[in-house]
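Participant: Those protein sequence lines, which keep their order, are chains U and Z.
Residue numbering for the first sequence follows the numbering used here, beginning at 25 and increasing consecutively.
Residue numbering for the second sequence follows the numbering used here, beginning at 273 and increasing consecutively.
A hint or two may mislead.
[Said to hold, decoys possible] Covered stretches of chain U, going by a simulated chain Z footprint (3 or more residues, C-beta under 8 Å):
| id | segment |
| --- | --- |
| 1 | 26 to 32 |
| 2 | 69 to 77 |
| 3 | 98 to 105 |
| 4 | 188 to 199 |
[Claimed, not checked] Sample of chain Z residues facing chain U (criterion: CB under 7 Å; computed from the structure):
| id | residue |
| --- | --- |
| 5 | L286 |
| 6 | E289 |
| 7 | V313 |
| 8 | Q316 |
| 9 | V327 |
| 10 | L334 |
| 11 | T338 |
| 12 | A340 |
| 13 | R341 |
| 14 | L342 |
| 15 | V346 |
Think of the hints as simulated: they come from the structure by calculation, not from any bench.
Everything numeric in this text was worked out from a predicted model, so none of it was measured.
Think of the CB as a built atom: it goes at the ideal place given N, C-alpha and C, for glycine as much as any other residue.
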Amino acid sequence: MDADAHVMAQVQGGELEAFERLVKQYQGPLYAFFVRLVGRTADAEDLVQETFLRVYKARETFDPLRAFAPWLYGIATHVLGDYGRRQERVRATMARAVEELTASEAMEVSDVGDQAARRDVIRHVRDSMQQLPEDHRLVLILRHYHGLRYEDIAQALGLSVGTVKSRIHYALAKLRVELRRRGLLEA
Amino acid sequence: MDCQAIREQLIDYLYRELPPEEWVRIEEHLLGCRECQQELVALQRVTATLDQWQVPEPTRGLVERTLARLRAEVIGVSSLGGGAEVSPATPFLALALGGLAAGASLGLTAHLTPHQGTSLALAALGILWAVLYGGMFLAALGSWAPVKHLASVALLAGGLAILLTPVLSIPEVVEACSALLGRAKGSVVLNVLLFVVGGLYTAVPLLVAHRIRGQQPGPVFPSQGLASGLLYLVLVAPVFYLQCAALALGVGATWMAGAIVGVLAGGPAGLWLAGHRAAHA
């Protein structure tokens with residue numbers, strides 16, 4: 025059994041401490057997931073909380089024989105969808121977020137020269153990601169940054185493995201062109 | 273395998289999504305094909321560039337805030353079915369509120385009715401009511417024991433009430449009470465009054481309880497108020513029986529209708545007030 029699925033089984037048995045362990049373990053990855061897809065850090069924290077609340081409410085529907093992470097990211101994707109419907113101005117939000125997040129990330133880099141260069145790279149990567157269709161971006165982020173396997177992503181999003189694979193191929197090909205156009209990759 | 277077929281699989285190779293035999297086949301091809309090696313390096317540069325987009329950790333306290341929201345918005349309701357944590361002060365608060373409510377109720381009844389029981393019987397009645405009211409407030413506070421415990425208390429108290437009816441001279445109390453309030457039959461004014469009193473009877477404690485309890489910011493779910501309110505109403509029923517169960521049916525229905533409206537309004541209103549307060553804290 026998946027170790028986290030085992031912890032989730034304890035949650036199903038009424039152990040709140042087990043749920044707390046899951047929250048501690050996944051708050052960072054979930055936060056990163058939402059920041060990359062939504063942009064605004066404050067909203068991302070709200071979405072993390074909302075996801076965990078839904079996970080707890082839906083705990084009885086989890087099958088402990090399956091992996092936990094795909095199930096979790098499936099719920100997170102639903103939360104994201106609701107958020108997107110609530111805020112029809114996601115694109116505008118992303119534009120604000122670029123400045124907000126780039127500034128906050130820059131605080132963590134000590135060397136001033138590196139800081140500026142790194143900020144530029146991050147901005148270009150983020151902007152390039154924005155060029156992708158949203159469903160392609162979602163799949164790529166789950167694979168690249170969260171390490172979910174094609175099968176897990178297919179399970180989380182209710183897609184076929186072939187669809188997941190083709191979206192990742194398409195997304196990387198498009199990113200390659202875009203990053204090259206922005207001078208981040210050699211021609 | 274030709275280069276085109278290999279290149280179509282390089283992304284899956286990078287992400288380790290290939291079965292072992294495919295993996296080996298591509299490794300072998302790469303050893304002897306400079307163009308495909310260059311293509312792999314180009315793809316690695318893309319993924320390495322993506323890797324630079326790292327996100328800082330969330331702000332401190334996100335775990336605590338998440339768990340607090342969980343307790344306030346989810347467990348507060350599900351605890352009616354079990355598994356909630358107990359605030360150490362909650363049972364005492366409930367008992368205190370229950371004692372006050374019982375005292376007021378008993379005093380009112382004693383004032384309205386000729387006292388025909390002994391002092392001991394009256395004291396026992398007071399204790400019984402305090403238990404019932406305490407149970408009601410615990411239910412309304414919604415942060416104590418599972419519903420089965422509360423239901424047990426209610427059933428036990430109800431059973432005791434029936435068993436002790438001859439000892440406590442309750443029939444006389446009820447009869448006098450009924451005679452008094454029975455005059456309400458046919459009186460629009462008194463029926464309206466009973467409706468309002470019934471509503472306040474349930475709404476006020478729920479409103480106060482939820483306002484005390486709901487200390488965490490976040491959206492208010494009326495279902496929370498409704499769930500605890502309905503439980504509260506179940507617990508009100510035996511008290512209602514004790515207080516004037518033998519009322520004429522129409523008058524009792526008026527009172528109970530008010531109580532139901534109070535339940536529907538009191539809990540959500542208290543939660544709203546609590547959320548409003550927390551939002552401005």
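Participant: Take the hints in turn and mark each one as holding or not.
Facilitator: Here is how each hint holds up against the structure:
no.: 1; hint: 26 to 32; verdict: violated (count 0)
no.: 2; hint: 69 to 77; verdict: holds (count 5)
no.: 3; hint: 98 to 105; verdict: violated (count 0)
no.: 4; hint: 188 to 199; verdict: holds (count 5)
no.: 5; hint: L286; verdict: 9 Å, violated
no.: 6; hint: E289; verdict: 5 Å, holds
no.: 7; hint: V313; verdict: 10 Å, violated
no.: 8; hint: Q316; verdict: 11 Å, violated
no.: 9; hint: V327; verdict: 4 Å, holds
no.: 10; hint: L334; verdict: 5 Å, holds
no.: 11; hint: T338; verdict: 5 Å, holds
no.: 12; hint: A340; verdict: 9 Å, violated
no.: 13; hint: R341; verdict: 5 Å, holds
no.: 14; hint: L342; verdict: 6 Å, holds
no.: 15; hint: V346; verdict: 6 Å, holds
When the structure is compared with the earlier hints, violations turn up for hints 1, 3, 5, 7, 8, 12 and for no others.
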